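**Q** Here is what each chain is made of, one letter per residue.
2 protein chains.
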Amino acid sequence: MKDSQLTVTAYDWVPGFAQGHVRDLRVRWALEEAGFPYDVEVMAQGTQKKPAHLKRQPFGQIPTLEIDGQTMFESGAILWRIAEASAALLPDDAAARDRVLSWVFCALNTLEPPVGMLATLELFVSDKDAAARLRPEIAAAVTGVLERLVVALGDKPHIVGHFTVADIVLTTVLRDVPDDLLADLPSLRAYVDRHTARPAFQTALAGQMTLFAENAAKYERAG
Amino acid sequence: MKDSQLTVTAYDWVPGFAQGHVRDLRVRWALEEAGFPYDVEVMAQGTQKKPAHLKRQPFGQIPTLEIDGQTMFESGAILWRIAEASAALLPDDAAARDRVLSWVFCALNTLEPPVGMLATLELFVSDKDAAARLRPEIAAAVTGVLERLVVALGDKPHIVGHFTVADIVLTTVLRDVPDDLLADLPSLRAYVDRHTARPAFQTALAGQMTLFAENAAKYERAG
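Chains as they are written, first to last, in my numbering: chain A, 3 to 225; chain B, 3 to 225.
For the record, the hints were derived by calculation from the structure and aren't laboratory data.
None of the values given here were measured: they were computed from a predicted structure.
Certain hints may be false.
[To be verified] Straight-line Cα separation of at most 27 Å, DSSO-like style, residue types lysine-lysine; simulated pairs: (1) A/Lys52 to A/Lys220; (2) A/Lys158 to B/Lys51; (3) A/Lys57 to B/Lys158; (4) B/Lys51 to B/Lys220; (5) A/Lys51 to B/Lys158; (6) A/Lys158 to B/Lys57; (7) B/Lys130 to A/Lys130.
Could you build the full structure based on these sequences and the hints that come with them?
**A** Below, the structure written as structure tokens:
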């Protein structure tokens, strides 16, 4: 994969709440950690639902990763594929590697769904009153899983042994948790800070944000 | 893995709405398709949140899979691990194998979250009025992704080439979609019917349901 032609898709711009949180960030971060060179195909906002993109990404989402002309989709799948090809992202030991696999799916299928439900209530449903009434209960569900994560992490710097792809996925999921829910969980805040301080993360984030800054004038109106 | 000592955890009983839908079903199904012998460790309902289980499954969930004494968790991770070890669940071709990986994550991170949100609204939140008001909008989101899936599936019998682990995950996610949302999507209903007719699925389902029948008297009261 190091010698493959790799192309990530990314938006030229997204609204403010999503900036720094679009999922090509995960893919860029993993590629930076692995040291795999890649190109970025910049897509104008809105074109993700056009036939050309739907043909390679059936749900009109970002990101995709083209590997020597073959397209993969879903950030979790792409991250696992990159990790399989890089000793920087997976442990050598087979049992530890299986634990990393468990945590990758845990981050995306146990932690992210309630976090995403909270975001749906806050940002995407039109009945704001009903959403506000349900928020405390869903927030409690998020807190419930986060408190379990606190116990599992303990005082370890990373979730399994040294830094792995599981830390990339967990960190990006935790970055989407509202601040008030992380306020009383210092070990998780420190975990996020520790991983977002990595040069590879900073390079990935800058790559995404630079595009949005460059294209803001196309989408944003003064005032 | 064929010669490994494999043990799946399963509940002795769950409430009616969850019967036939607990996620050890996925793992049993994959093991049956692969032809890997396995034991079942039956856990009394409630013991999943006790320290002994939390030590191996940090979120107190079912299932886990013990492989020669090492525990994996998250049904998606376990299924991928089984698939890696069985030609019955993955294609030989590398690009097709990557497409299967994309679909496994898609089923769990794009399709299942809105389906799960619908279930949360119906079954788990206490403010039933607020939940009912949000249901149409979340149902529309589910329909939106299902309609994309209809296009991606087309008239193929399986999502990628021959039967793979992606069909196991997709089928089990689609089985959790409320009937009214599948009513107008005959190709998805046929897809579910086609896969649940497989002998390996029927064996897996019977394995789960038999336990619940055997233990019903412990939990259910007449009337």
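**Q** Could you run down the list of hints and mark each one as holding or not?
**A** The hints, checked one at a time:
no., hint, in the structure
1, A/Lys52 to A/Lys220, "19 Å, holds"
2, A/Lys158 to B/Lys51, "23 Å, holds"
3, A/Lys57 to B/Lys158, "16 Å, holds"
4, B/Lys51 to B/Lys220, "19 Å, holds"
5, A/Lys51 to B/Lys158, "23 Å, holds"
6, A/Lys158 to B/Lys57, "16 Å, holds"
7, B/Lys130 to A/Lys130, "16 Å, holds"
The structure agrees with every numbered hint stated previously.
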